[in-house]
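> Whole structure, please, built from the sequences with the hints as guidance.
Chains as they are written, first to last, in the UniProt record's numbering: chain C, 1 to 266; chain V, 1 to 377.
Honestly, I wouldn't trust all of these hints.
[Said to hold, decoys possible] The calculated label-pair distances, taken between Cβ atoms and stated as ranges, are:
1. C:A59 x V:D266: 31 to 39 Å
2. C:L14 x V:E172: 56 to 64 Å
3. V:Q109 x C:I75: 57 to 65 Å
4. C:Q130 x V:Q185: 21 to 29 Å
5. V:P145 x C:V249: 53 to 61 Å
[Unchecked claim] A partial selection of chain C residues facing chain V, derived with a Cβ cut-off under 7 Å:
6. Q45
7. G63
8. S125
9. R225
Just so you know, these hints were derived from the structure itself, not from any lab. Built from N, CA and C at the ideal position, the CB exists for glycine as well.
The primary structure of each chain is shown beneath.
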Amino acid sequence: MALLLACFFLLPLLGMAIVAFSVSDGQGGKTLGLENFASLADRGQAIANSVRVSLVGSAVGAGIGAITAFCIAQIRHRRLDDVVAVLSSVLANDGGAPLAFSFIVTIGNTGFLFAALGLDSVGFSLYSWQGLVVMYQYFLIPTMIMVTLPTFVGLRREWHEANKSLGGSAWTFWRRVGIPVAAPALLGGWILLFGSAYATHASAAVLIGTGGFPLVTLTIADELRSGTRAGGEEAAMALGLTMVAIAVVVLFLFNRLQRMSARWLA
Amino acid sequence: MSTRALTATGVVAAAAIALTGCTTSAAESESSALWRSATTVSEGGGFDQLVEDAQAEGTFNVMGLYEDWANYGGLLDAFSEKYGITINNDTSTGSSQDLVNAVVNRQGQDTSLDYLDTGMSYAVQADLDGLLAEYAPETIADIDPSYIGENGTWLHQYGGTIAIACDTGRVETCPTSFADLLDPQYRGQVALPNTPENSESAFMIVHAAALAHGGSLDDITPGIEFFRELNEVGNFIPVQGNAGTLETGETPILLEWTYTLQPVADRLADEVGMEIDVIIPDDGVVSSFYAASLNADAPHPATARLFFEFLFSDEGQNLLLQGGVSPVRLDAMIAAGTVDEDALAALPSAELGQSPTLEQRQANQDVIDEQWSAAIR
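Laid out in structure tokens, this is it:
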């Protein structure tokens, strides 16, 4: 296990770090330095775009996903629960080129729903940051449902009844019991969605391949490809390391929050 | 995982590495090695010897030579048939940089590339990095020295002009200039084939836009400004345009080379009855030549050189001409009467526009790298 972790996680990470921290010393050699990270300022547009898309995308996804999960938990129908579980675990892992393609043929420039839904008249374009936000919902919402459904199902009916018999209103229930119990799961879900949207590459690359809207992942790919530009690889690795940092923070927070919410639902 | 399983994995991995090492050295025969250093056909022992050694190698590795690009399909078929050589043409990707990367990443491997077709600046850089082999085909006397790389490691093989493809089924009035493209009627319709940061054709499109927008080959910034405006008015669509997106209507207006657009237009007219106009913009005409080069580390050095001879022969150059490009020996072939007259008559524009020099390209590439992504956000 430790060996696997070393081979497939630590070694590549170390390799990335070495490239990211090596700077040309002007005499054909390399020294360690932080210049590649300073050059990230030039890619500020990509970072800003990625943060914007991920923030908006994950907020929308978390909101819709949580409400959907809550409704499903309220209905409490066995068959529905099974269908939702299967569907959301499949959809949550759906992405990449096929996802982009399915959006292109439905609400793309010539998509069959594009004119039918009047998207052309409201000025919506799939090939924009709003388009990315819409497209990402396809896997963000199911992820949110998957993460929060157990929590909503776990809000026991007895707690409702206890609240009621003690004279509490529905509002009291949510303020004192429901939200405190569900909050870690909701927040954790949102953070997970943020990381997931931030790291998405293939579907964005297929949709907006010409750099019309630079994202961190697209910029890394571009930097790695355009070797004529000096320092492309180093800059890509530096960008990559910032993504690793974000992923680690996301996973750490998500795990902590999951554990907090699991305490109530065990 | 148990220790034993881990050891087994390690052994398999080590064996795999050892095996790859073996195949590489085994493929290199003596005669192949001789051709690797030959800079002309006579140095290697004459044309018949070249054919014999190439046939012994039997395979030709290339990348990104799309069938309807400058008639590479016809050219490779003819080459394969004439000499009985199998072609491995990887068309899953093919920007100039992808080719150079493949050569760098596959050093010493059988799967490396033999021949490269790249933008000029990529060939120059690859030459500086020592990746290319020096070789002069027999017909080199017909080629203007300005079309030959400084160290003889690359030659221009064909050129063309930047044009606008316009799907007349989706666009009411086709644009005839860069200025026209800013018209609100083209909202969400104008696409590029790639980003100018790593693609020769997109790079030349920005040059042409610069000429149309008050710039010059020395000043590409107005070209970037043009695309900023195009994006701001909502006409630019950041989809990677190609024959497929043209056919589905996703990118009704696509900028590209005349010679990549014309075959697509012809094919779509034949197959699905689409009418695509290929228009050379009247306010910015830029032409450029691609560069042919051989990998110094080619897995099939004799075949690579035989292909060079074929490419620059009358037969090869006429096959390129049939793909709607201006082959580099066109003038000499017209003078000698060996040119394919029908193909010459069908050429979208025999007259070529301005072309940036190497110094201009390098300066402009820096400007693009600095400004492009911020300009079109």
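> Decide, hint by hint, whether the structure agrees.
Against the structure, the hints come out as follows:
1. C:A59 x V:D266: 31 to 39 Å: violated (49 Å)
2. C:L14 x V:E172: 56 to 64 Å: At 58 Å between Cβs, range holds.
3. V:Q109 x C:I75: 57 to 65 Å: Holds, at about 59 Å.
4. C:Q130 x V:Q185: 21 to 29 Å: holds (23 Å)
5. V:P145 x C:V249: 53 to 61 Å: Given range 53 to 61 Å: holds, Cβ gap about 59 Å.
6. Q45: Since the shortest Cβ distance to chain V is 6 Å, the answer is holds.
7. G63: Violated. Min distance 27 Å.
8. S125: holds (6 Å)
9. R225: Holds, because the Cβ-Cβ distance from C:R225 to chain V comes to roughly 5 Å (cut-off 7 Å).
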